[in-house]
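Chains as they are written, first to last, in the numbering used here: chain R, 1 to 243; chain F, 1 to 243; chain S, 1 to 243.
Treat each hint with caution, since some may be false.
Intra- or inter-copy, both count: the list cannot distinguish identical chains.
[Unchecked claim] Straight-line alpha carbon distances no greater than 20 Å define the calculated EDC-like cross-link-like pairs of lysine to aspartate or glutamate that follow: (1) LYS2 - GLU66; (2) LYS97 - GLU28; (3) LYS2 - ASP160; (4) LYS137 - GLU92; (5) LYS2 - GLU20; (6) LYS179 - ASP43; (7) LYS2 - ASP43; (8) LYS181 - GLU28; (9) LYS181 - ASP149.
I should point out that these hints are in silico values taken from the structure, not numbers from a laboratory.
Since we're looking at a predicted model, the values are computed, not measured.
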Amino acid sequence: MKGVILRINPTVRLVDLSHEVSPQNIREGAYIIGSAYRYFPADAVHLVVVDPGVGSGRRGVALHTEHGFFVAPDNGVLSLVLAQEPVQQAVELAMPKYWLNPVSATFHGRDIFAPVAAYISLGVPLASFGPVAKDIKTFTPPAPCVQSDGSIIGEIVYIDRFGNLVTNLSLPADTVQSKLKIQVGERYIQSVQHTFASVDAGELVAYVGSNQTLEIAVRDGNACETLDVSIGDKVTLFRDCEA
Amino acid sequence: MKGVILRINPTVRLVDLSHEVSPQNIREGAYIIGSAYRYFPADAVHLVVVDPGVGSGRRGVALHTEHGFFVAPDNGVLSLVLAQEPVQQAVELAMPKYWLNPVSATFHGRDIFAPVAAYISLGVPLASFGPVAKDIKTFTPPAPCVQSDGSIIGEIVYIDRFGNLVTNLSLPADTVQSKLKIQVGERYIQSVQHTFASVDAGELVAYVGSNQTLEIAVRDGNACETLDVSIGDKVTLFRDCEA
Amino acid sequence: MKGVILRINPTVRLVDLSHEVSPQNIREGAYIIGSAYRYFPADAVHLVVVDPGVGSGRRGVALHTEHGFFVAPDNGVLSLVLAQEPVQQAVELAMPKYWLNPVSATFHGRDIFAPVAAYISLGVPLASFGPVAKDIKTFTPPAPCVQSDGSIIGEIVYIDRFGNLVTNLSLPADTVQSKLKIQVGERYIQSVQHTFASVDAGELVAYVGSNQTLEIAVRDGNACETLDVSIGDKVTLFRDCEA
Numbered sequence: 001m002k003g004v005i006l007r008i009n010p011t012v013r014l015v016d017l018s019h020e021v022s023p024q025n026i027r028e029g030a031y032i033i034g035s036a037y038r039y040f041p042a043d044a045v046h047l048v049v050v051d052p053g054v055g056s057g058r059r060g061v062a063l064h065t066e067h068g069f070f071v072a073p074d075n076g077v078l079s080l081v082l083a084q085e086p087v088q089q090a091v092e093l094a095m096p097k098y099w100l101n102p103v104s105a106t107f108h109g110r111d112i113f114a115p116v117a118a119y120i121s122l123g124v125p126l127a128s129f130g131p132v133a134k135d136i137k138t139f140t141p142p143a144p145c146v147q148s149d150g151s152i153i154g155e156i157v158y159i160d161r162f163g164n165l166v167t168n169l170s171l172p173a174d175t176v177q178s179k180l181k182i183q184v185g186e187r188y189i190q191s192v193q194h195t196f197a198s199v200d201a202g203e204l205v206a207y208v209g210s211n212q213t214l215e216i217a218v219r220d221g222n223a224c225e226t227l228d229v230s231i232g233d234k235v236t237l238f239r240d241c242e243a
Numbered sequence: 001m002k003g004v005i006l007r008i009n010p011t012v013r014l015v016d017l018s019h020e021v022s023p024q025n026i027r028e029g030a031y032i033i034g035s036a037y038r039y040f041p042a043d044a045v046h047l048v049v050v051d052p053g054v055g056s057g058r059r060g061v062a063l064h065t066e067h068g069f070f071v072a073p074d075n076g077v078l079s080l081v082l083a084q085e086p087v088q089q090a091v092e093l094a095m096p097k098y099w100l101n102p103v104s105a106t107f108h109g110r111d112i113f114a115p116v117a118a119y120i121s122l123g124v125p126l127a128s129f130g131p132v133a134k135d136i137k138t139f140t141p142p143a144p145c146v147q148s149d150g151s152i153i154g155e156i157v158y159i160d161r162f163g164n165l166v167t168n169l170s171l172p173a174d175t176v177q178s179k180l181k182i183q184v185g186e187r188y189i190q191s192v193q194h195t196f197a198s199v200d201a202g203e204l205v206a207y208v209g210s211n212q213t214l215e216i217a218v219r220d221g222n223a224c225e226t227l228d229v230s231i232g233d234k235v236t237l238f239r240d241c242e243a
Numbered sequence: 001m002k003g004v005i006l007r008i009n010p011t012v013r014l015v016d017l018s019h020e021v022s023p024q025n026i027r028e029g030a031y032i033i034g035s036a037y038r039y040f041p042a043d044a045v046h047l048v049v050v051d052p053g054v055g056s057g058r059r060g061v062a063l064h065t066e067h068g069f070f071v072a073p074d075n076g077v078l079s080l081v082l083a084q085e086p087v088q089q090a091v092e093l094a095m096p097k098y099w100l101n102p103v104s105a106t107f108h109g110r111d112i113f114a115p116v117a118a119y120i121s122l123g124v125p126l127a128s129f130g131p132v133a134k135d136i137k138t139f140t141p142p143a144p145c146v147q148s149d150g151s152i153i154g155e156i157v158y159i160d161r162f163g164n165l166v167t168n169l170s171l172p173a174d175t176v177q178s179k180l181k182i183q184v185g186e187r188y189i190q191s192v193q194h195t196f197a198s199v200d201a202g203e204l205v206a207y208v209g210s211n212q213t214l215e216i217a218v219r220d221g222n223a224c225e226t227l228d229v230s231i232g233d234k235v236t237l238f239r240d241c242e243a
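The following block holds chain R by itself, in its conformation from the complex (with noise of 0.2 Å):
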């Protein structure tokens, strides 16, 4: 993909954002995204190739919003960018004479996508690729939900390599409080802290991630494997809580 990259646009500058979402895993690589695009300059070309299936009949889009355009395939992959960006222009990808022809049927990466980003970061108008491109398929985020005694229910939507939950529960970020109390499977953790840095070694912490959401981490340890747990596990908030 860099080499066809490099070949339409030899001045180009490529930045590896992760190489490392797990196979077939679309909701992993929207978060990945997601989390992401918004610090990056706002013509900044983002190809985000999670695409289990590839050479099937799903579309290839080309967005552009305030904070850069999007190339990937039409999968729900943007879904967490579209979720905070309004799309200022949406195109499916239908134009062949931006391809690596022939196209392979399972390496669209390499022979649409790339080509495409590489020619978008060359100022072709996003018109050229194909017609306006509408529903563009999102799957809607987990939403916390609010019980009748006040807890919420949330889950976590992601697992760094640290082995840090994230959790779908938006708090302010200087939340730091002891009147919060968080299940996780069957542990419970009394208190909201500023950081991981706050417990001791060894200790589970929860606190408001660097994306303003509840984490649960383990300090100098990995949370994911002390607590076996997997994305999608639910995380219950009780609020102000005097027990």
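Given chain R, work out where chains F and S should sit, using these hints.
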């Protein structure tokens, strides 16, 4: 290695192709560079260091082909490039003035190959680095073997990070046939599909991969783990069978 | 982090040195940057984030040496750089105008270290980032210990991705001796060879590595797995023994 290159040519564009070759696995490295080089610009300098014999008598070489320059230990790692590309010029690395001195016994990537690649990127002619190199070492890529019954026995030549099995059985890119049968281990696959997305999740599937050879995958799964196979294992193709 | 840097300095050259440091392993990070920095151009800005204490009171620092700039948490990760390089200037990171605000509690790499490194690459003087930093935290790199019988006890300070064991036992680069004996665990190695290629496949071998210290490998194998050792384990060198 990157620092050494940048000190010699501060304006060079560094591109990481792979840092994932299994330790000492020359054939795996040969496959990766052999599959990728032709997609890069023709003035690219490919620095290919899989080097279990570092510090022994094995030579270092630099080659020029129509599709770029290659700098590597002369241990067969360029076999699949040489099987595809006529060599325009080949030299043995013999001029210490282009090396980092003193040269360590175990890191010629840093001390010899990286600086030579950097000087090539600056336009230093290949002849400057040493005498003409003859008899570049290559291993013969495994060739499929046609049996008396018309079946063809090939083998697995690469396994990608998804666990997909790449074989050495060449097929036209658009092959989709229900009359081909494939055997791998004790399992049979009854057709060649367009892509893995042509079957249901969890199913075994054969298809023509992005390098025009037969590949075997498990849709949304890992064929290497499911079939418990390794590089070198046999894959048999029964052509035009009627059963 | 890369996006943050590029928004501040769109023309900077980003170079990935390593993303493979074990979580929270300051000493491993210290070894990697300590081994590599001097090969980079002298105007390089080295951004070194291994940061288990993020969000606690630990400072961030920026240093200038003859071999480049370093931006890092003040937690010892620059110990091996400081053991080799006189510091020309050192400042504490104290000026939020050079940070991404609001600063998260857990990702100072993105919010503090990356933007500061980017501003340094633009030529902003170190003094702009905060007051002079004294007493930069360092751990004392483990020193070999000479015994009364003349043997020297060192230890494993790093294990590379090939499973090769790097020790802190310095030896001249061209040491090849049959009268040195090395003990690691309960195994003995009877000589120091030029390189791992000097022995047969599968054999244990000691040699002087690319950082001029004794290393132990299994040719075409993995010494770490074969010997079941870890960083910190003892390695004893019996010099000039006659037995």
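Here's how the hints hold up against the structure:
no.	hint	in the structure
1	LYS2 - GLU66	between (25 Å within a copy, 19 Å between copies)
2	LYS97 - GLU28	neither (32 Å within a copy, 33 Å between copies)
3	LYS2 - ASP160	between (26 Å within a copy, 18 Å between copies)
4	LYS137 - GLU92	within (12 Å within a copy, 47 Å between copies)
5	LYS2 - GLU20	both (17 Å within a copy, 16 Å between copies)
6	LYS179 - ASP43	neither (44 Å within a copy, 50 Å between copies)
7	LYS2 - ASP43	both (19 Å within a copy, 14 Å between copies)
8	LYS181 - GLU28	neither (27 Å within a copy, 36 Å between copies)
9	LYS181 - ASP149	within (13 Å within a copy, 60 Å between copies)
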